[in-house]
Amino acid sequence: MTFVNLFGITFTLVILFMLVALLDHVFGNASPEANQNRTLGLYRANLVREDDAGSVAALPGYGLLDRYGRDLPAVEAFSISTLFRRAISYVEGRRIESYIKYTDAAFWDVLSFEFIEGKPFSRGEVRDSLRYAVINEATRERFFGTNTALGKPITIDTEVFVVMGVVRNVSMLRIVPFADVWLPITTLHDYYRPDELAGLNFGLILARSPQDFDIIRRAFSARIASADMSGNAPYDKVIAVPETKFDTMARLVFTQGKSVANKTPHLILMIVLSGIVFMILPSINLINLNVSRILERSDEIGIRKAFGASSASLVFQFLFENLLLSIMGGFVALCISLLVLQGISDMGIIPYAEFQLNYRILLYMILITVTFGLLSGLYPAWRMAHMKPIDALRGRVT
Amino acid sequence: MIELRSVDKVYSTGRLETLALAGINLCIQSGEFISVMGPSGSGKSTLLNVMGLLDSPTRGDLFFNDMKVEDLSDRERARIRNTSVGFIFQSFHLIRDLPLIDNVQIPLLYRRISGRERHRRCRDVLERVGLGSRIHHKPGQLSGGQQQRAAIARAIVGDPQLILADEPTGNLDSQMGDEIMTLLQQLHSDSNTAIVMVTHDARLADQTQRIVRLFDGRQVH
Numbered sequence: 143m144t145f146v147n148l149f150g151i152t153f154t155l156v157i158l159f160m161l162v163a164l165l166d167h168v169f170g171n172a173s174p175e176a177n178q179n180r181t182l183g184l185y186r187a188n189l190v191r192e193d194d195a196g197s198v199a200a201l202p203g204y205g206l207l208d209r210y211g212r213d214l215p216a217v218e219a220f221s222i223s224t225l226f227r228r229a230i231s232y233v234e235g236r237r238i239e240s241y242i243k244y245t246d247a248a249f250w251d252v253l254s255f256e257f258i259e260g261k262p263f264s265r266g267e268v269r270d271s272l273r274y275a276v277i278n279e280a281t282r283e284r285f286f287g288t289n290t291a292l293g294k295p296i297t298i299d300t301e302v303f304v305v306m307g308v309v310r311n312v313s314m315l316r317i318v319p320f321a322d323v324w325l326p327i328t329t330l331h332d333y334y335r336p337d338e339l340a341g342l343n344f345g346l347i348l349a350r351s352p353q354d355f356d357i358i359r360r361a362f363s364a365r366i367a368s369a370d371m372s373g374n375a376p377y378d379k380v381i382a383v384p385e386t387k388f389d390t391m392a393r394l395v396f397t398q399g400k401s402v403a404n405k406t407p408h409l410i411l412m413i414v415l416s417g418i419v420f421m422i423l424p425s426i427n428l429i430n431l432n433v434s435r436i437l438e439r440s441d442e443i444g445i446r447k448a449f450g451a452s453s454a455s456l457v458f459q460f461l462f463e464n465l466l467l468s469i470m471g472g473f474v475a476l477c478i479s480l481l482v483l484q485g486i487s488d489m490g491i492i493p494y495a496e497f498q499l500n501y502r503i504l505l506y507m508i509l510i511t512v513t514f515g516l517l518s519g520l521y522p523a524w525r526m527a528h529m530k531p532i533d534a535l536r537g538r539v540t
Numbered sequence: 159m160i161e162l163r164s165v166d167k168v169y170s171t172g173r174l175e176t177l178a179l180a181g182i183n184l185c186i187q188s189g190e191f192i193s194v195m196g197p198s199g200s201g202k203s204t205l206l207n208v209m210g211l212l213d214s215p216t217r218g219d220l221f222f223n224d225m226k227v228e229d230l231s232d233r234e235r236a237r238i239r240n241t242s243v244g245f246i247f248q249s250f251h252l253i254r255d256l257p258l259i260d261n262v263q264i265p266l267l268y269r270r271i272s273g274r275e276r277h278r279r280c281r282d283v284l285e286r287v288g289l290g291s292r293i294h295h296k297p298g299q300l301s302g303g304q305q306q307r308a309a310i311a312r313a314i315v316g317d318p319q320l321i322l323a324d325e326p327t328g329n330l331d332s333q334m335g336d337e338i339m340t341l342l343q344q345l346h347s348d349s350n351t352a353i354v355m356v357t358h359d360a361r362l363a364d365q366t367q368r369i370v371r372l373f374d375g376r377q378v379h
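Same order as they appear, the protein sequences are chains A and B. Just so you know, we're using my numbering here: the first sequence kicks off at 143 and counts up by one. Just so you know, we're using my numbering here: the second sequence kicks off at 159 and counts up by one.
Hints are computed from structural coordinates only; laboratory data are not their basis.
Derived list of chain B stretches under chain A, where covered just means 3 residues or more per stretch with a C-beta under 8 Å from a C-beta of chain A:
id	segment
1	205-218
2	264-275
Here are some of the chain B residues that sit facing chain A, going by a computed Cβ distance under 7 Å:
id	residue
3	232
4	236
5	239
6	253
The model shown is predicted, which means the values in this text are computed figures rather than measured ones. Backbone N, C-alpha and C fix where the C-beta goes; we use that ideal spot for every residue, glycine too.
Can you make the complete structure from the sequences, with help from the hints?
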């Protein structure tokens with residue numbers, strides 16, 4: 143019976159642990175997104191009509207970011223990039239697909255890439271549209287093998303760039319920094335579209351401190367309230383909010399980006415509730431198993447009660463036992479999760495995704511394990527503790 | 159020490175009501191050794207369970223050291239069971255997965271006593287009942303007589319005022335039964351502990367100071 147319990151606990155916790163590891167991999171504070179606590183993004187732009195007759199939901203356009211995002215108060219750095227896209231190269235007859243991203247010099251200030259070779263392109267080089275490229279180590283290997291890439295030409299979509307830096311690989315799930323090749327945005331033929339409010343770009347804002355977020359939001363909101371909508375007919379208004387990736391996701395889930403209202407607490411609540419709902423089903427199962435396990439021990443309960451155990455001390459004892467079992471399950475689940483995540487990393491299903499354990503994940507895992515242990519142990523412990531001693535001794539329990 | 163006034167105990171199963179005890183009036187003084195006799199189903203075990211606060215009377219009053227048990231909370235009843243009562247059951251009721259020393263120390267677990275002191279007291283009582291060399295054995299490794307000795311050790315380890323023994327020799331052969339009875343006699347003569355023993359055996363009952371007889375839940379004289 144205990145083994146069946148342990149198996150049930152382990153299975154549930156493995157799934158929850160993997161989910162936590164995945165969420166942490168996407169949203170957690172890790173290089174190159176190590177400054178997330180003071181980074182805001184402009185990831186969405188919705189063009190709407192006053193008469194509510196239609197709207198456009200897209201990424202921000204270059205015009206929106208350039209005209210209204212620059213020189214906001216309390217900002218240390220502001221960067222404009224494109225979303226990554228696929229590009230083709232040929233090396234000695236081999237076709238190589240890479241993901242490229244066009245960006246600016248501030249991108250390297252907002253994000254903390256680890257350079258293995260060389261350095262990022264500078265403001266001057268971006269301004270002068272110099273054809274420099276920063277590549278990741280996987281791209282270096284594909285193009286140049288084990289040799290250095292610095293100063294060497296690299297052809298991307300028939301255009302030639304010179305490699306000036308090599309960085310560590312970044313997981314594709316980190317969509318903000320991710321790419322194989324980063325190129326100056328000014329080398330993109332038609333990057334400058336001052337009227338484009340909705341397009342294929344995103345902006346990154348590095349605030350001086352997290353306390354400055356409100357100042358930045360208010361300033362940006364004031365600017366776009368009077369945004370020049372000419373060239374964006376028939377739309378009358380643009381909705382965009384400097385926010386974290388998680389905030390954007392929350393706003394998209396709950397308002398499709400049509401409102402500026404902060405929906406992050408709603409999304410957190412939804413995730414927590416989903417987690418609890420997900421835990422409740424196996425918990426009910428475990429509660430049943432625990433009740434059966436406890437009924438098997440009714441004699442012991444009767445004996446302990448006969449010799450003076452109070453209901454409270456028995457609740458404590460059985461909760462403690464269940465918690466111990468959950469912690470054992472948690473430990474086994476942790477080992478299994480690590481193996482599975484290592485397997486997923488090794489298989490390369492998600493480019494450059496390397497799932498690793500860190501103190502945050504460990505903390506969440508402990509929290510989940512304890513919650514699960516308490517959730518599945520509380521009712522059986524309560525029920526057992528409130529048996530009449532004589533009924534427990536006689537096995538007269540239902 | 160313990161007094162029952164017009165105590166009834168009724169068991170209800172669906173529409174059926176069974177009167178297990180009817181109008182019991184009984185007073186037990188400290189240091190008494192009493193046996194309870196009667197045919198099967200006469201309410202002997204029920205009486206013991208009520209006196210030991212394992213079960214509650216349906217009607218009537220039960221006083222333990224002048225405290226009305228009905229007025230006590232679950233926690234206070236547990237405390238009385240822990241400090242003042244020791245049980246010996248016919249089928250021993252030892253926890254099979256625990257060694258004797260851990261079985262015996264159960265009453266002490268619910269008191270503020272250090273682990274070292276608990277072990278010392280358990281070793282002492284196990285020596286007293288002749289199981290000093292078996293403290294790490296599990297119940298399944300012992301004979302019926304030895305298991306009952308262990309159960310007696312558990313009942314006395316907390317120095318209770320009252321020991322309630324429900325047919326303590328019922329599952330044993332006559333020789334082992336005699337050994338257990340000798341142990342109880344010895345216990346009684348060595349301390350001021352009151353003992354109430356349910357038995358079918360008139361020979362054993364005759365060795366006690368007073369016999370309470372029950373028939374169909376009623377006290378008979």
